[in-house]
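Student: Top to bottom, those sequences are chains D, P, R and S.
Counting from 1, one number per residue, gives the positions in the first sequence under the numbering used here.
Counting from 1, one number per residue, gives the positions in the second sequence under the numbering used here.
Counting from 1, one number per residue, gives the positions in the third sequence under the numbering used here.
Counting from 1, one number per residue, gives the positions in the fourth sequence under the numbering used here.
Derived pair list, reagent style DSSO-like, types lysine-lysine, alpha-carbon separation capped at 27 angstroms:
hint	chain 1	residue 1	chain 2	residue 2
1	D	Lys156	P	Lys146
2	R	Lys146	P	Lys156
3	R	Lys87	R	Lys5
Beta-carbon label-pair distances, calculated as ranges:
hint	chain 1	residue 1	chain 2	residue 2	range
4	D	Glu62	S	Ala216	30 to 36 angstroms
5	S	Ala231	P	Asp60	37 to 43 angstroms
6	S	Arg250	P	Val45	56 to 62 angstroms
7	R	Arg250	S	Glu154	18 to 24 angstroms
8	R	Leu75	P	Phe168	22 to 28 angstroms
9	S	Glu154	R	Asn150	24 to 30 angstroms
It should be emphasised that the hints constitute simulated quantities derived from the structure, not laboratory data.
Bear in mind the structure is a predicted one, so any value in this text is a computation, not a measurement.
We put the CB at the ideal spot given by N, CA and C, even for glycine.
Number of protein chains: 4
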Amino acid sequence: MTLRKRVYNTLEFSAVGRRGMSLYINIALVSIIFINSVAIILHTVPEIRHYRLYESIFTDFEIFSVIIFTIEYCLRIWSCVENPRYKNGWRGRLRYIFSFWAIVDFLGIFPFYFTLLTSDFGIIRILRVFRLFRLFRVTRYSHALKMIRNVLLETKEELLICFSFIIFTLLISSSVMYYLEHNVQPERFRSIPATLWWGVITMTTTGYGDMYPVTAAGKFFGGIVLILGIALFALPTGIIASGFMEQIRRDKGRKYIQCPHCNEWVDLQEVHHVHKPTEKH
Amino acid sequence: MTLRKRVYNTLEFSAVGRRGMSLYINIALVSIIFINSVAIILHTVPEIRHYRLYESIFTDFEIFSVIIFTIEYCLRIWSCVENPRYKNGWRGRLRYIFSFWAIVDFLGIFPFYFTLLTSDFGIIRILRVFRLFRLFRVTRYSHALKMIRNVLLETKEELLICFSFIIFTLLISSSVMYYLEHNVQPERFRSIPATLWWGVITMTTTGYGDMYPVTAAGKFFGGIVLILGIALFALPTGIIASGFMEQIRRDKGRKYIQCPHCNEWVDLQEVHHVHKPTEKH
Amino acid sequence: MTLRKRVYNTLEFSAVGRRGMSLYINIALVSIIFINSVAIILHTVPEIRHYRLYESIFTDFEIFSVIIFTIEYCLRIWSCVENPRYKNGWRGRLRYIFSFWAIVDFLGIFPFYFTLLTSDFGIIRILRVFRLFRLFRVTRYSHALKMIRNVLLETKEELLICFSFIIFTLLISSSVMYYLEHNVQPERFRSIPATLWWGVITMTTTGYGDMYPVTAAGKFFGGIVLILGIALFALPTGIIASGFMEQIRRDKGRKYIQCPHCNEWVDLQEVHHVHKPTEKH
Amino acid sequence: MTLRKRVYNTLEFSAVGRRGMSLYINIALVSIIFINSVAIILHTVPEIRHYRLYESIFTDFEIFSVIIFTIEYCLRIWSCVENPRYKNGWRGRLRYIFSFWAIVDFLGIFPFYFTLLTSDFGIIRILRVFRLFRLFRVTRYSHALKMIRNVLLETKEELLICFSFIIFTLLISSSVMYYLEHNVQPERFRSIPATLWWGVITMTTTGYGDMYPVTAAGKFFGGIVLILGIALFALPTGIIASGFMEQIRRDKGRKYIQCPHCNEWVDLQEVHHVHKPTEKH
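So that you can see chain D by itself, here it is in the shape it has in the complex (with noise of 0.2 angstroms):
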């Protein structure tokens, strides 16, 4: 086995399994990936930011895993060449130098060499939060995340259906709202685009405080709205409770053995019952 070999089945956790060196690696790489968002969250507070003594070794663990993460990523780039879709060489490297979580990768490095560069920029700062998807990289993707998975492709159609009614609600009630209070709280109902800010706050009924109406016409029509929002909520709920039954009785549906009698197949729960009549409820 040649060397670049060696290093891409190593990296690529899911292709040969996890034991050996594969594991350790993956294990230090994750926990890097997580002391590091911590060290990211907490460096936001004053309190600790200003604390010389964390200053300096957020700064050393920060240069520390870029260096980590920077050398991860040439190794991957320079090794995903074994993998079959990626076989053609350059064009296959650069085809995974784009794919999604080569992405996921560079936007969690670049941040910090482009702040080497340039002066402080706040929201390119942030990018560097997005190394927590690496996390999900790692995670094995279980009976249960592939169950949830299958249910939102399924009822994918309803669910934009359903997203789509919402927006169009959210647009013809805000502008509504926007004539009936304009007038009275020129300065919180703005324009549309402003009173837009109030429809989803309150068809999400999660109500801030700091926009509601106040004319009883506004308040008429806001009662109206907020209890459309309800069922129009209602819906993806009752559409996501009958994707997973559907999913569940096609997973029970699968439960058949062959009776060894007749031939004919049994479904197995029937099967379980009938041996043990003392179980009937």
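Since chain D is already given, all that's left is putting chains P, R and S on it; use the hints.
Tutor: Below, chains P, R and S without anything else, positioned relative to chain D:
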């Protein structure tokens, strides 16, 4: 084919399918409606409205789209007699004018001519937003939309009863809360109709924070209303979820084939697993 | 037929069906109740109450409806012995007086006579709103209402356990929050009973904004309570949804016919699809 | 029967059933716990605490119940070796001391002795509220409670994944919101941990109103988080609903009887309707 028949087929999207001239004209109309709606929404933003260039483009585009919509509206009324439902000449046309979609079309162009004649009424202007409704005309009535409609139609009776429960609980709880809080907060809990606003924002768990009980009795009663409200709003979600399940079950129940050997009708899913015993769970 | 029997049949709507005299009298009573309820609600609006003409009409209508309700109440007590359940003369009448609907009727007229005798107690006046309950008497117990009642009755045990979980979590979380926040906000988090109000508005996700934790520990604990609360309130929705499903399944399970050829009982839906193979999905 | 065996049987409610001495002693203990919990809650109300008579009764009752609980705790430790799980003399006793219910018992009495020795720590006092947990010990594990437990256990995996999704979305959205709002509201959106509070009260749609975005970008992003949050919280409801359905279906699936004529197993419900054809829907 007469000119009227051609105009009818071109405008009535669903009549001949999605191709040729009809497709392009409908895409053009939808684009105009969409840009128009965005323009109306953006026009309410003070920063944009006071920007001279936008104002002139907006006015020109408004005039342009109203002319297009007016021509389309007239052509639809002229050609609607080709539809068997409105075939009795002028009587059919009159019935068409009062059909749902013709009223939507009329509400989309009427405000413009109204504001030409008189001074500006905000509430009339808003009717222009109803042009958005027209976007639904071109929606393909997909399987998912039909399913949502079926579920809502079949659970209609249960949902209406839930709705009347909600209205009833709203009236009773607002009346009681009015008597409990009126003496302490005479300005906020002014009257029962004013307290209905509290009822709506409480039972939908929005809680803007502009009205809430402050007396011990009011808080105790409010707590009971809140927990009851949760139960009341759990009902529609449950009803809709069960409606979807039932709908899926009925759809699935139709997947039968006739067995080629014994002429019996067989559930497709079961057969599928008999021939692929390796797929067993 | 005696006069008493006639009065009974006329008043007891459900006894003889909806026709003739009984129908008209019941429509009249429902209308009076409805107008009366609206009048009571509107009477609390200061602008309307201080309008002299309304005040006099309101008082007259109030006296008129109380007279009607009193006559109806007396007639019902007099004629109730025609009902087999209350047939033992005065003993039956006494039992009728303490039946649910008779108490509702009494609560509807009692406040009027009470306020005649003494000065005005706001809390007694409110009992008049309970007249609204009477609207439910004439509700036709439709299939949908029966279904909702069945679902609630069958999931009663599970819902009660959820309810006791909610009360328990409420007590524990409010107690903990009191100890966490009392020192910083002694006025708002005054005592555990006062903090229960925070518990209710938080766990139902209402969040008026009059009480919320400000300490780091309080916010951390509050966040846990909120996410737990969501899970706790998802339980009743899930229970009710499954109850509806079960109810529908049971209803559907009864649609069997006896096959005319082999005398076997056949599911109606399956037969339906065998004869229309073109309907297959 | 030795005295120790008797004490064990009397205290361990579930061991011998609900009758005789054991029943009365347990009712007495539950009553003391209940009154005690109410007293602890009421003791935090300033008006009641400063009322001299209440204070003295409260202190006396507190001492009385702690003595009772201490005696009970000692007797339980002494007699626990009668339970086969803790039979190895002192080793069994040690294991019992660290069992779940023994810790709950200890937490209920420990704070009293702790506050006797040292000055008053509020946070220790609160542990007394955990006595409420003991009420669950005597709960009969009814069919409904078992069902809820089964549903939660079986959907455990899916619920955990939903929970990790929620935590992940919380972290990402709070981080982004911190960078969007920190410059405009440096006091409110102080750090990412502080913004997590915004994330929790927003995604659970509580919306106290103490923290909300004010910039256009923050409001836009907040709106997306809110609508996503609704979808995320619809998942557990759907999962739980389908879990209940599955549980009911399994319970119902066990209602089979063996047909006396052909020895086939028959669904009870179907048979029921065959013999009562008049019941058909």
